[in-house]
Amino acid sequence: MLNKDNLCLIKDGAVLINTARGTVINEIDLIEELKKGRFFTCIDVTNPEPPDVNNEIRYMENAIMTPHIAGAVNNGCKRIALHICEEMERLNIGEKMKTEINLEVLSRLA
Numbered sequence: 295m296l297n298k299d300n301l302c303l304i305k306d307g308a309v310l311i312n313t314a315r316g317t318v319i320n321e322i323d324l325i326e327e328l329k330k331g332r333f334f335t336c337i338d339v340t341n342p343e344p345p346d347v348n349n350e351i352r353y354m355e356n357a358i359m360t361p362h363i364a365g366a367v368n369n370g371c372k373r374i375a376l377h378i379c380e381e382m383e384r385l386n387i388g389e390k391m392k393t394e395i396n397l398e399v400l401s402r403l404a
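The numbering used here applies: residue 295 is where the sequence shown begins, and numbers increase by one.
No wet-lab data here; the hints were simulated from the structure. A couple of the hints might just be wrong.
The calculated label-pair distances, taken between Cβ atoms and stated as ranges, are [what the hints assert, rightly or not]: (1) E355 x I378: 24 to 30 Å; (2) P344 x E398: 40 to 46 Å; (3) E398 x K329: 15 to 21 Å; (4) G331 x T360: 32 to 38 Å.
Quick list of in silico lysine-lysine cross-link-like pairs, BS3-like style, CA-CA up to 25 Å [said to hold, decoys possible]: (5) K372 x K392; (6) K329 x K298; (7) K372 x K330; (8) K329 x K305; (9) K390 x K372; (10) K330 x K305.
Note that the structure is a prediction, hence the values are computed from the model and not measured. All C-beta atoms, glycine included, are put in the ideal place defined by N, C-alpha and C.
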């Protein structure tokens with residue numbers, strides 16, 4: 295598990311990626327380290343899932359949070375396509391999208 299004791303050892307400018315499990319990283323400690331602006335993170339998993347709408351990581355400039363649907367195993371491509379269709383349906387009927395992308399977020403995506 296990554297916590298404050300080893301998150302502080304991450305080199306400046308590094309990118310921390312978590313696609314494993316949300317419990318692998320102590321999220322409170324991660325947020326504190328991210329506030330220092332030393333490194334970046336991209337997380338596809340959180341604890342709990344889905345992450346709370348007020349989760350600080352969602353709004354940090356040095357973080358990208360994806361909706362844990364990536365991967366080409368176990369029908370991953372089908373899940374991604376279904377997610378896109380559901381999001382487009384929400385957009386068409388005027389509902390808020392679950393993983394809305396705005397210009398600010400778009401500029402940080404790979």
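**Q.** Given hint K372 paired with K390 - CA-CA distance at most 25 Å
**A.** Given that 25 Å is the threshold and the Cα spacing comes to 22 Å, the pair holds.
Q. Holds or violated: K372 with K392, Cα cutoff 25 Å?
A. holds (18 Å)
(Q) Check the hint pairing K330 with K305 against an upper bound of 25 Å on the C-alpha distance. (A) holds (12 Å)
**Q.** Status of the given 40 to 46 Å range, CB of E398 versus CB of P344
**A.** Since the Cβ atoms of P344 and E398 sit about 20 Å apart, the hinted range of 40 to 46 Å is violated.
Q. Quick one, are K329 and K305 close enough, alpha carbons at most 25 Å?
A. holds (15 Å)
Q) So does E355 sit 24 to 30 Å from I378, Cβ to Cβ? A) Given a distance of about 26 Å, which is inside 24 to 30 Å, the answer is holds.
**Q.** Assessment of proposed distance window 15 to 21 Å (beta carbons of E398, K329)
**A.** With Cβ atoms ~18 Å apart, the hint holds.
Q. Honestly, do G331 and T360 meet the 32 to 38 Å range at C-beta?
A. Given a distance of about 21 Å, which is not inside 32 to 38 Å, the answer is violated.
Q: For the pair we were handed, K329 and K298, check the Cα-Cα distance against 25 Å.
A: holds (13 Å)
Q.
Does K330 sit within 25 Å of K372, going by the straight-line distance between their CA atoms?
A. violated (38 Å)
Figure legend: structure checked against the earlier numbered hints; hints not met, in rising order: 2, 4 and 7.
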